[in-house]
Amino acid sequence: MERNQMHTQVANTRKSLFDQGYLDDQFIQLEELQDSSNPNFVEEVVTLYYRDSARFLSNLDQALEKRPLDFSKLDNLMHQFKGSSTSIGAKKVKTECTHFRNYCSARNAEGCKRTFQNVKKEYTTLRKKLEAYFQMSRQVGPVETACQAR
Amino acid sequence: MTVEEFGGSVGVSNEIDRFPIGMRVLAVDDDPTCLKLLDCLLRKCQYQVTTTNQARTALNMLRENRNRFDLVISDVHMPDMDGFKLLELVGLEMDLPVIMLSGNSDPKLVMKGITHGACDYLVKPVRLEELRNIWQHVIRRKVESKSQSKSNNNQEKPNHEGGQEAGSGDPNGKVNRKRKDEDFEDFEDNGNEDDDPSTQKKPRVVWSIDLHRKFVAAVNQLGIEKAVPKRILDLMNVEGLTRENVASHLQKYRLYLKRISQQANMVVAFGGSKDVSSYMRMSSLGGLGDFHSLSGSGRLPNAQLSSYSSSGMLGRLNSATGMTLHSLTAPTLIQPTHTQNLTGSVSSLNKFQPVVLPTPPNHQPTNLFQGIPTSFDLGQLQQNNKPNTQLPDFNTIDESRFFNSSSTFPTLGSQSCLNLVSSSSTFLDVPHPMGDNFHDQLPPHSSLNYGHASSNNTITNTMTGFGSSITSTLSVPLEGQSQSQRHVQYGKQSYGQYSSNTFSALAAAASPPNGGGLGGPVSQSNDQICGVYNRSNGNGPLPMQMNKQTHKSNTKLKMGSGENYLPSGYDSLDDLMNGMMKREQDPMIVMDGEFGFDPYSFGSCI
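Those protein sequence lines, which keep their order, are chains Y and Z.
Counting from 2, one number per residue, gives the positions in the first sequence under our numbering.
Counting from 17, one number per residue, gives the positions in the second sequence under our numbering.
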């Protein structure tokens with residue numbers, strides 16, 4: 002019962018992540034890839050993402066400090082970061098990245114800096130939520146954390 | 017068609033029986049998240065997956081054993097090597113299907129992928145369903161090459177073949193596809209018309225520089241329109257080479273030319289160069305059509321331009337466009353221009369300049385045009401400038417290199433050409449100054465391209481591809497060099513490395529003592545070139561030495577140049593063009609971007 006409750010809780014958490022737009026279909030793809038031979042695939046990928054993308058973010062931070070701004074470089078960095086974010090289905094992060102890139106191509110320094118703050122914010126928020134979600138799932142056990150249906 | 021049938025006729029490894037299960041895929045992506053995801057997706061499709069986040073590592077693996085993989089999937093955006101360049105190199109050297117992957121769905125990039133020879137272009141995030149279908153590219157490639165050879169066999173009439181072959185790459189492709197459908201039924205039955213039974217897996221032919229030179233010479237002799245695989249084969253007179261091999265190589269070559277001409281056109285468009293001649297050079301190399309426009313200055317021989325256009329079929333080659341054209345047009349031509357521009361010392365080059373300059377129309381066309389007797393130029397060059405002639409030789413070889421290297425460096429284009437051409441001493445001088453520029457610009461890839469030309473770097477590949485076949489053996493050494501060189505040296509180095517590698521490899525591999533001398537001269541030129549390159553990179557043994565060597569090699573090259581002329585021409589041409597262009601004009605930079613940014617441009621040419 003308690004387990005069931007936990008299951009439900011996990012399912013709900015997961016659902017809310019989707020409903021609130023933090024995650025998109027790509028995350029479901031990740032989940033589908035998780036199976037008995039790859040039991041922690043989703044978490045592994047997400048962990049890898051956060052580890053790797055920290056690097057991008059610090060690079061972007063540095064690049065944004067420079068004067069004058071090197072927009073093409075910023076765009077490049079963001080392109081890569083956006084690619085990773087897309088791969089795990091980080092929807093809001095991806096959206097902010099797109100905004101950032103738009104400002105880059107418009108060479109709008111203020112816009113870039115502003116959206117970058119948004120990117121970081123979404124990134125951090127998502128990370129917290131995902132960490133909580135994974136922790137919860139682990140507690141529930143290796144059983145499917147939630148059905149595929151959203 | 018059943019998988020089994022394919023398996024049988026294709027003659028691939030045992031996995032073919034269960035194909036697509038067990039298909040061996042090499043996945044390359046610098047982003048670890050994406051790579052891991054891709055790995056998992058591919059495993060889900062039951063493929064055998066190898067992953068790497070370094071393009072160079074991927075190339076090494078492929079070069080070590082080209083039969084180890086069936087398919088390559090590569091990201092476009094990678095720090096150590098541009099995905100397109102890798103694409104060209106792989107395609108040219110290893111003739112493996114390559115699928116591009118990118119987060120960017122910009123149609124221009126997709127187009128670029130296609131022109132560089134990608135079988136497919138997927139946009140991230142990739143879905144499992146998409147990956148389930150990628151095995152078709154492996155099969156398609158095998159079928160097309162078989163049907164191509166079959167069609168060649170079927171068409172005994174040279175003209176007929178020529179007509180078919182002479183068509184642009186597209187019609188050829190279409191023909192092949194149709195054949196594939198039509199002949200599929202006959203596959204098992206008619207397998208034997210080819211020299212090798214279609215059912216057997218034919219061993220891959222390595223298009224060494226020597227071989228490529230012969231090929232180019234034969235094509236030139238026949239004229240690009242009439243260059244039918246059968247005739248080319250007869251002219252080349254190489255044992256063990258099948259019409260099929262020639263046919264597929266010819267197809268690539270055409271694409272290469274096409275690409276070069278496109279690039280040249282682009283370059284020309286950018287042109288605005290202050291130096292008309294430089295323009296011309298560029299255009300001549302890349303866009304034959306543009307030549308005409310350039311020739312306005314009266315320098316470019318229109319004839320040349322036109323000739324290029326026709327030759328500019330190699331799409332792959334064209335990636336280097338600027339570069340490829342160079343090579344195509346005539347190594348000799350490039351040389352003159354290069355040397356002239358670069359070193360300024362080569363006055364004799366003026367003759368060659370025809371490429372750019374209108375010099376004797378007769379000559380020019382030949383130079384520019386692959387088909388056109390480059391030897392012609394060679395002869396002239398030889399007379400005028402030793403170095404020039406030598407360049408052509410190099411060019412053939414270099415071209416392949418160029419391709420490799422060219423792709424790496426965007427701006428290098430002109431420089432690279434120079435580098436290649438630099439076989440002549442004068443050239444070497446020039447490259448130096450340029451080399452510096454290149455360094456920054458050239459991506460290490462370029463060097464790779466050359467050696468690996470066979471498959472990678474579209475542009476360079478085209479060139480290198482041709483040359484790479486040879487280099488393939490060398491590629492190993494090149495690789496090593498290229499790596500170190502790559503970053504540092506770029507323009508110059510890349511070439512140097514490759515060239516030296518390729519050449520040395522080639523030379524070693526097939527250094528006919530004779531004038532066929534692609535091998536011989538090539539090696540020399542390679543050394544020379546490498547020397548040049550090395551210098552810039554620091555790896556190179558000695559740029560200075562190279563100069564000297566180049567001279568020597570140049571002479572040797574000359575011997576083979578008749579045939580080699582073209583091939584080397586390519587390399588050098590492109591390089592020359594790029595080098596020249598860069599140097600000559602700032603606006604060229606735009607072009608360079610064209611060139612440079614794709615390492616493969618050089619390679620792709622090949």
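Since the hints were made in silico from the structure, they are not lab data.
Treat each hint with caution, since some may be false.
DSSO-like mimics (lysine-lysine), calculated; alpha carbons at most 30 Å apart, straight line [as the list claims (entries may be wrong)]: (1) Y:K93 x Y:K16; (2) Y:K16 x Y:K67; (3) Z:K60 x Y:K93; (4) Y:K121 x Y:K74; (5) Z:K60 x Y:K74; (6) Y:K93 x Z:K124; (7) Y:K129 x Y:K93; (8) Z:K124 x Y:K130; (9) Y:K74 x Y:K114; (10) Z:K124 x Y:K114; (11) Y:K93 x Y:K74; (12) Y:K93 x Y:K122; (13) Y:K74 x Y:K129; (14) Y:K16 x Y:K74; (15) Y:K121 x Y:K93; (16) Y:K114 x Y:K93; (17) Y:K16 x Z:K60.
Results for each hint:
no.: 1; hint: Y:K93 x Y:K16; result: 15 Å, holds
no.: 2; hint: Y:K16 x Y:K67; result: 41 Å, violated
no.: 3; hint: Z:K60 x Y:K93; result: 28 Å, holds
no.: 4; hint: Y:K121 x Y:K74; result: 18 Å, holds
no.: 5; hint: Z:K60 x Y:K74; result: 36 Å, violated
no.: 6; hint: Y:K93 x Z:K124; result: 27 Å, holds
no.: 7; hint: Y:K129 x Y:K93; result: 14 Å, holds
no.: 8; hint: Z:K124 x Y:K130; result: 38 Å, violated
no.: 9; hint: Y:K74 x Y:K114; result: 14 Å, holds
no.: 10; hint: Z:K124 x Y:K114; result: 28 Å, holds
no.: 11; hint: Y:K93 x Y:K74; result: 23 Å, holds
no.: 12; hint: Y:K93 x Y:K122; result: 10 Å, holds
no.: 13; hint: Y:K74 x Y:K129; result: 29 Å, holds
no.: 14; hint: Y:K16 x Y:K74; result: 37 Å, violated
no.: 15; hint: Y:K121 x Y:K93; result: 11 Å, holds
no.: 16; hint: Y:K114 x Y:K93; result: 17 Å, holds
no.: 17; hint: Y:K16 x Z:K60; result: 25 Å, holds
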